[in-house]
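J.: In order, the protein sequences belong to chains F and A.
At position 64 of the first sequence the residue is numbered 71 (the working numbering), and the sequence of numbers has no breaks.
At position 254 of the second sequence the residue is numbered 505 (the working numbering), and the sequence of numbers has no breaks.
Don't read these hints as lab results, they were simulated from the structure.
All residues carry an ideal CB built from backbone N, CA and C; glycine is no exception.
Do not take every clue at face value.
Taking beta-carbon pairs under 10 angstroms as the criterion, some of the chain F residues facing chain A (in silico) [to be verified]:
(1) 9
(2) 53
(3) 71
(4) 122
(5) 137
Taking lysine to any residue and the SDA-like style, the derived pairs with C-alpha atoms no more than 20 angstroms apart in a straight line are [to be verified]:
(6) A:307 with F:12
(7) A:307 with F:147
(8) A:253 with F:50
(9) A:425 with A:388
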Amino acid sequence: MTDTRKITVTVNGERLTGAAEPRMLLVDFLRDELRRTGTHVGCEHGVCGACTVIIDGDAARSCLMFAVQADGAEISTIEGLATNGEMHPLQKLFSEHHALQCGFCTPGMLMTAMDLVHNSKDHSPEAIRIGMSAALCRCTGYVGIIEAVTEYARQVHGDAAVADRDSGEHSHG
Amino acid sequence: MKPARFEHLLPTSLDEALAMLAEHAPDARPLAGGQSLVPMMNFRLARPTVLVDLNKIPELAYIRDAGDHLAIGAMTRERAIENSDLVRAASPLLHDATLNIAHLPIRSRGTIGGSISNADPAAEYPATVLALDATLVARSVRGAREIPASAFFDGVMTTTLEPDEILAEIRVPKAPPGSGGAFVEIARRHGDFALAGVAAQIKLDGEAVTDIRLAACGVGPGPIRLTAAEDILRAGSLTDATLAEAGRAAAEAADPDGDVHATAAYRRKLAGVMTRRAVEKAAGRARENL
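Chain F extracted, bound-state conformation:
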């Protein structure tokens, strides 16, 4: 039984249509059907975060969703960050702070950070560290990543937002 359906999604503002049988993961649909290969596939069980994209406003794992579930959705991926060949401020900060080496985790890191900085209320150092723990990097040791995301939060929300403070709500020990 092959039940292939036509799926239409809006990726970075562009309406795109492709074919998917129900078992096709959203990330494979983006990469193999729509040829938007900026989003990477890592662990395929939601742990590594490489496939993270923003779906209807919220960051989510595109390996834990079927393409048929995304029919009609608005999706933002790393390909949508730069404008006219000019890197997005967050991308420039990743470069300046050496927040990547091999770059495999970077698409997921950037989309995770976009959601965290733009949609979360708490941008304290602790909240950023916990928020960015959603994505794994095997090269950098995270220091540069945290610096880049913190600096981006400062650019978006101002100095006070990223000031160190006791954030008991995010305590996990």
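Chain F is already provided as a structure; the job is to place chain A on it using the hints.
T.: Quick look at chain A alone, frame taken from chain F:
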């Protein structure tokens, strides 16, 4: 790996979903947020032949103030619960537990009903609904059934839901004045599966404990009510001695397996430590909530 083939059904109402489940039981599985089922399908540890996808049923996603309790629709995303001022005020324990669930991109999709129905022994919500004494409302074409959380979990990733039933609503008693709740856990990385976690709901009259419910996750085949620890604390007040004794009782009640992340002995010790921390945090909130 990739999932095996399945038939994808996309109902747009609860009644339609229940009819589909009844027609295809026991081969059909409901698909909630998919943050546990889809990884299991990717690894082919689960191979359902029919998925009844609940994600296009708006009537299953809500948080309502229902007087003495909150009524939460099963398809409410964890992220919506985390951001709900109503939940934060009425049930600090549920708010705490939600912040400990995986990571933000997982909570964007994961649902309260899915997590409870999946009944993973390490998951936060099963232990939390036990400590909250929540009522779980199951629906099927045969009608509705109210199940106390204490009668819902039935071993590793097993519940007392029938194959044609879905969990439709979670009823969470509001924390009354003098009471407080808290959830604490330890994981190797924040958001990873807990090595041990404890949910505590406590009611104080002055310093006397008038009611307490404790439940642990990650240290047994399912969520574990820590009744021996409760009995020790309910008998008196919170002192170093009674807290230490309750911690020992909790460690004794734990029945953990060792794995690559932690030995059984370490998890057992953590069950005691987490019990003490959860009780102290919950009691602090109870003292402020007069």
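J.: If a hint holds in the structure, say so; if it doesn't, say that too.
T.: Now for the hints, and whether the structure bears them out:
1. 9: With Cβ-Cβ at 8 angstroms, under 10 angstroms, it holds.
2. 53: holds (6 angstroms)
3. 71: Holds - the Cβ of residue 71 (chain F) comes within 10 angstroms of chain A, reaching about 4 angstroms at its closest.
4. 122: With a closest approach of 7 angstroms, the residue 122 (chain F) hint holds.
5. 137: Holds - the Cβ of residue 137 (chain F) comes within 10 angstroms of chain A, reaching about 5 angstroms at its closest.
6. A:307 with F:12: Distance ~17 angstroms between residue 307 (chain A) and residue 12 (chain F) Cα, so the pair holds.
7. A:307 with F:147: Not OK: residue 307 (chain A) and residue 147 (chain F) at ~40 angstroms, beyond 20 angstroms, violated.
8. A:253 with F:50: holds (11 angstroms)
9. A:425 with A:388: Roughly 17 angstroms between the alpha carbons, so the hint for residue 425 (chain A) and residue 388 (chain A) holds.
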